[in-house]
Amino acid sequence: GAVVSQHPSWVICKSGTSVKIECRSLDFQATTMFWYRQFPKQSLMLMATSNEGSKATYEQGVEKDKFLINHASLTLSTLTVTSAHPEDSSFYICSAPRASNSYEQYFGPGTRLTVT
Amino acid sequence: SQQGEEDPQALSIQEGENATMNCSYKTSINNLQWYRQNSGRGLVHLILIRSNEREKHSGRLRVTLDTSKKSSSLLITASRAADTASYFCATSNTGKLIFGQGTTLQVKP
Numbered sequence: 001g002a003v004v005s006q007h008p009s010w011v012i013c014k015s016g017t018s019v020k021i022e023c024r025s026l027d028f029q030a031t032t033m034f035w036y037r038q039f040p041k042q043s044l045m046l047m048a049t050s051n052e053g054s055k056a057t058y059e060q061g062v063e064k065d066k067f068l069i070n071h072a073s074l075t076l077s078t079l080t081v082t083s084a085h086p087e088d089s090s091f092y093i094c095s096a097p098r099a100s101n102s103y104e105q106y107f108g109p110g111t112r113l114t115v116t
Numbered sequence: 001s002q003q004g005e006e007d008p009q010a011l012s013i014q015e016g017e018n019a020t021m022n023c024s025y026k027t028s029i030n031n032l033q034w035y036r037q038n039s040g041r042g043l044v045h046l047i048l049i050r051s052n053e054r055e056k057h058s059g060r061l062r063v064t065l066d067t068s069k070k071s072s073s074l075l076i077t078a079s080r081a082a083d084t085a086s087y088f089c090a091t092s093n094t095g096k097l098i099f100g101q102g103t104t105l106q107v108k109p
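Residue numbers (the working numbering), protein chains in the order written: chain A, 1 to 116; chain B, 1 to 109.
It should be emphasised that the hints constitute simulated quantities derived from the structure, not laboratory data.
Idealized CB from N, CA, C, for every residue including glycine.
Check before you lean on any hint, since a few could be wrong.
[Said to hold, decoys possible] Each computed EDC-like pair below joins lysine to aspartate or glutamate, with the alpha-carbon atoms no more than 20 Å apart:
| # | chain 1 | residue 1 | chain 2 | residue 2 |
| --- | --- | --- | --- | --- |
| 1 | B | 96 | A | 104 |
| 2 | A | 64 | A | 27 |
| 3 | B | 96 | A | 87 |
| 4 | A | 41 | B | 83 |
| 5 | B | 56 | B | 83 |
| 6 | A | 55 | A | 87 |
[To be verified] Covered stretches of chain A (chain B as the covering partner; in silico rule of three or more C-beta atoms under 8 Å from a C-beta of chain B):
| # | stretch |
| --- | --- |
| 7 | 42-52 |
| 8 | 100-107 |
[Claimed, not checked] The following label-pair restraints were derived from C-beta to C-beta distances:
| # | chain 1 | residue 1 | chain 2 | residue 2 | range |
| --- | --- | --- | --- | --- | --- |
| 9 | A | 116 | B | 38 | 20 to 30 Å |
| 10 | B | 64 | A | 18 | 38 to 48 Å |
| 11 | A | 41 | B | 22 | 17 to 27 Å |
| 12 | A | 114 | B | 10 | 20 to 30 Å |
| 13 | A | 15 | B | 66 | 43 to 53 Å |
| 14 | B | 30 | A | 85 | 28 to 38 Å |
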């Protein structure tokens, strides 16, 4: 069935560097994808909506210049954490609607980011 | 921002018992969904209930929705050790999912 993949599954980077996380829809196209952040033992917080061919829509309190989102194609969205700091360490998860008119979403397996 | 609260935050039961989790939300919704997350993994969609529905079943899952109280419940019957996971409700109005705090369920064999 249709799935969503993320790469890398985990990454460790030094403070001040940038990290790119990829989210791919497999076997289906996604004009919209969503990015979430999850801290340990907490729920998912929606960060932004990634739109193919246009700018991402960020949730209140999320810095667009720090979390750069690019929806380059109908199957790929990327999240770049720029100038990462230890407080950016988190579990980042993407999702995509099952169909253009569906409210149900497929979730990627997540990317564990650790900033040292 | 979080949509609402889930309770209990944690639940520990024996295999074979039923597990009930509750979710409350704050705003009007188009639908409410339940997802499961195994530790350190992505989320798996379990069931969707629309705002005009009151109850829905899927296998061992039963979901109820009370829009007047802005609440929903998820019942897992005859639980199994493999049901051990975190369960989240999520509301949707515009396509975006807003998640509740989640309930961590442990099913002891």
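*Mind checking the hinted window 20 to 30 Å against the Cβ distance between residue 114 of chain A and residue 10 of chain B?*
Since the Cβ atoms of residue 114 of chain A and residue 10 of chain B sit about 26 Å apart, the hinted range of 20 to 30 Å holds.
_Holds or violated: residue 64 of chain A and residue 27 of chain A, Cα atoms, limit 20 Å._
Outside the cut-off at roughly 29 Å; violated.
*Would you mind confirming whether the straight-line C-alpha gap from residue 56 of chain B to residue 83 of chain B stays at or under 20 Å?*
Roughly 19 Å between the alpha carbons, so the hint for residue 56 of chain B and residue 83 of chain B holds.
_Holds or violated: residue 96 of chain B to residue 87 of chain A, with C-alpha atoms at most 20 Å apart_ = violated, 25 Å
*asked:* Next pair to validate is residue 41 of chain A with residue 83 of chain B; report whether the Cα-Cα distance is within 20 Å.
replied: Holds, at roughly 18 Å.
*Could you say whether the range 43 to 53 Å given as a hint is met by the Cβ separation of residue 15 of chain A and residue 66 of chain B?*
holds, 47 Å
*Do residue 41 of chain A and residue 22 of chain B keep their Cβ atoms within the hinted range of 17 to 27 Å?*
The hint (17 to 27 Å, Cβ to Cβ) holds, given that residue 41 of chain A and residue 22 of chain B are roughly 19 Å apart.
_Given pair status - residue 104 of chain A, residue 96 of chain B, alpha carbons within 20 Å_ = holds, 10 Å
_Hinted pair residue 55 of chain A and residue 87 of chain A, Cα distance within 20 Å_ = violated, 25 Å
*Given as covered by chain B, does the stretch 42-52 of chain A meet the bar of three residues or more with CB within less than 8 Å?*
holds (count 6)
*Taking the CB of residue 116 of chain A and the CB of residue 38 of chain B, does the distance hold inside 20 to 30 Å?*
Taking Cβ atoms as reference, residue 116 of chain A and residue 38 of chain B lie about 27 Å apart, which means the hint holds.
*Quick one: are residue 64 of chain B and residue 18 of chain A within 38 to 48 Å, going by C-beta?*
holds, 46 Å
Hint check: violations occur at hints 2, 3 and 6; the rest are consistent with the structure.
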